[in-house]
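Student: Keeping the supplied structure of chain A fixed, place chain B upon it in accordance with the hints.
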Amino acid sequence: MHTRACVRARTTTTRMLTAHDLTKRFGVKRVFEHVELRVARGELLLVTGPNGSGKTTLLRVLAGLAAPSRGTLELPPRAEIGFLGHEPYVYRELTPLENLALFGRLYRVPEHRERSGMLLERFGLWQVRHERVSTFSRGMQQRLALCRVLLHNPSLLLLDEPFNALDADGAELLDQTLGELSDRALVVATHDPGRVERLATQRLAFA
Amino acid sequence: MTYAADVAALARKDLLLELRAKETLPAMLLFVLSALTVFHFALPRGTGHTAALGLLWVALVFTALLGLTRAFVPEREQGLMDALILTPADRSAIWLAKTLAVLAFLAVAELVALPAFGAFFSGIDGRTVGAVALADIGICAVGTLTGAMAVAGRARELLLPLLFLPLAIPVIVGGVGASAGAGGRYLAFLVLYDAIFGLLAWASFEYVVAET
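From first to last, the protein sequence lines are chains A and B.
Counted from 1, the first sequence has number 114 at position 114 by the working numbering; the numbering is strictly sequential.
To convert, take the position in the second sequence, counting from 1, and add 207; that gives the working numbering.
FYI, nobody ran anything at the bench for these hints, they're computed from the structure.
Warning: the hint list may mix true and false statements.
Stated by the list, open to error - SDA-like cross-link-like pairs, simulated, lysine to any residue; straight-line CA separation at most 20 Å: (1) B:Lys229 to A:Glu131; (2) B:Lys229 to B:Leu272; (3) B:Lys229 to B:Leu273; (4) B:Lys229 to A:Glu93; (5) B:Lys229 to A:Ser134; (6) B:Lys229 to A:Arg92; (7) B:Lys229 to A:Leu94; (8) B:Lys229 to A:Thr135; (9) B:Lys229 to B:Ala311; (10) B:Lys229 to A:Arg132.
To be verified - Now the in silico label distances, taken between C-beta atoms and shown as ranges: (11) A:Gly194 to B:Leu372: 51 to 57 Å; (12) B:Ala410 to A:Thr72: 25 to 31 Å; (13) B:Ala211 to A:Gly194: 46 to 52 Å; (14) B:Thr209 to A:Val28: 41 to 47 Å; (15) A:Ala205 to B:Leu365: 39 to 45 Å; (16) A:Ala165 to B:Phe248: 49 to 55 Å; (17) A:His34 to B:Ala211: 40 to 46 Å; (18) B:Ser411 to A:Glu180: 38 to 44 Å; (19) B:Val415 to A:Gly139: 31 to 37 Å; (20) B:Val380 to A:Gly117: 52 to 58 Å; (21) A:Gly52 to B:Phe248: 53 to 59 Å; (22) B:Ser411 to A:Ser182: 41 to 47 Å.
We put the beta carbon where it would ideally sit given N, CA and C, even for glycine.
Just chain A, with the same shape it has in the complex (with noise of 0.2 Å):
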């Protein structure tokens, strides 16, 4: 089977993601074929589809955790990328703050104390800041995972499911907050569109 698949850095300014005739495989089952973005700083694409569409392999592509099968790629550099994965990606043993710091220290985050701090306020954990994340509900370690994914002020954002497992208050505050990143480039997959549907520039839907 012939394949060619080619990931970039990116080189304009205001455009963020391009993908073109964007293919992925896992040996015969196709999961997406000939996907052609553009997305620029300020836009959202809305990617929805049903459990198993293929939204999760699309992110983790454009995130440059999964090698597309065919197609060319042009991304930021990884600095510039923050992802939200299904898994929160946070450690269980360590409490927000040490989660935080690890990222801040591996993403170069300058002062990214006084960011964790801003961000734990702002998502509602800063009193639980020395408290172990296995002891957060689902909810929680979700908060903690946005805060890790806005951590280093990534100038794209690929967002999994962001709403999961939130309470009403905290897809409030992540609505709230998706409003603000208005000059980003965001992705969001979800099977459940409503609340993010307002702001979108871009739809995708995976059948």
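Tutor: Showing chain B alone in chain A's frame:
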């Protein structure tokens, strides 16, 4: 400097996780002490020093394997390997930090195991201690790489010994050789093993964690 800071931050995280969870080190200590106790009672009186040293090396390699099996558990359970490889940090820093953390756990286990061996069998000389220290570096370097390979698979508990033990055989040969007699030659062999396999593991880790 940034690379060293990344390694330090990641290694500190691994040590902190173990300090909190206390899952790996107690298991390693219990295993190595149990193995030495069993060997002590199983070996007939008058067994030579070389045979006892051989058993010491077997106990140390399997103790290391126990630590390596647990090395990537936090990353596996929470899908955190994805989060780590998405950061701008060099991916080899993840391997180096994990290697250092496993090395620290193994060193602590050996701080208990070597005196225990001295009490059960016979004294340990400086050559054996040197050989153990050199072998630890090779074991942890190769073991961390194979641990990362195994963690991606389904039968990971089976896969790790299959990948690791064949690669660890030269270390056991070098270790037993250095402890038992011709020290210098075998110690040099262990240094060479550490250099070659350490470099290979460092350079290839990026490809091990990259999904295709």
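Student: Determine for every hint whether it applies to the structure shown.
Tutor: Outcome of the hint check:
1. B:Lys229 to A:Glu131: holds, 17 Å
2. B:Lys229 to B:Leu272: holds, 17 Å
3. B:Lys229 to B:Leu273: holds, 14 Å
4. B:Lys229 to A:Glu93: Holds, because 11 Å separates the two Cα atoms, which is no more than 20 Å.
5. B:Lys229 to A:Ser134: holds, 15 Å
6. B:Lys229 to A:Arg92: It holds: about 14 Å lies between the C-alpha atoms, which stays within 20 Å.
7. B:Lys229 to A:Leu94: holds, 13 Å
8. B:Lys229 to A:Thr135: Holds, at roughly 17 Å.
9. B:Lys229 to B:Ala311: Since the Cα atoms of Lys229 (chain B) and Ala311 (chain B) sit roughly 14 Å apart, the hinted pair holds (cutoff 20 Å).
10. B:Lys229 to A:Arg132: With Cα atoms ~15 Å apart, Lys229 (chain B) and Arg132 (chain A) stay inside 20 Å; holds.
11. A:Gly194 to B:Leu372: 51 to 57 Å: Between Gly194 (chain A) and Leu372 (chain B), where Cβ atoms are some 54 Å apart, the hint holds.
12. B:Ala410 to A:Thr72: 25 to 31 Å: Check passed, 28 Å falls within 25 to 31 Å.
13. B:Ala211 to A:Gly194: 46 to 52 Å: holds, 48 Å
14. B:Thr209 to A:Val28: 41 to 47 Å: Given about 43 Å between the Cβ atoms, the range holds.
15. A:Ala205 to B:Leu365: 39 to 45 Å: 42 Å Cβ-Cβ, so the 39 to 45 Å window holds.
16. A:Ala165 to B:Phe248: 49 to 55 Å: At roughly 54 Å between Cβ atoms, Phe248 (chain B) and Ala165 (chain A) fall inside 49 to 55 Å, so the hint holds.
17. A:His34 to B:Ala211: 40 to 46 Å: holds, 45 Å
18. B:Ser411 to A:Glu180: 38 to 44 Å: The hint (38 to 44 Å, Cβ to Cβ) holds, given that Ser411 (chain B) and Glu180 (chain A) are roughly 42 Å apart.
19. B:Val415 to A:Gly139: 31 to 37 Å: At roughly 34 Å between Cβ atoms, Gly139 (chain A) and Val415 (chain B) fall inside 31 to 37 Å, so the hint holds.
20. B:Val380 to A:Gly117: 52 to 58 Å: Since Val380 (chain B) and Gly117 (chain A) have Cβ atoms about 54 Å apart, the given range 52 to 58 Å holds.
21. A:Gly52 to B:Phe248: 53 to 59 Å: holds, 57 Å
22. B:Ser411 to A:Ser182: 41 to 47 Å: Holds: the Cβ-Cβ distance is about 43 Å, inside 41 to 47 Å.
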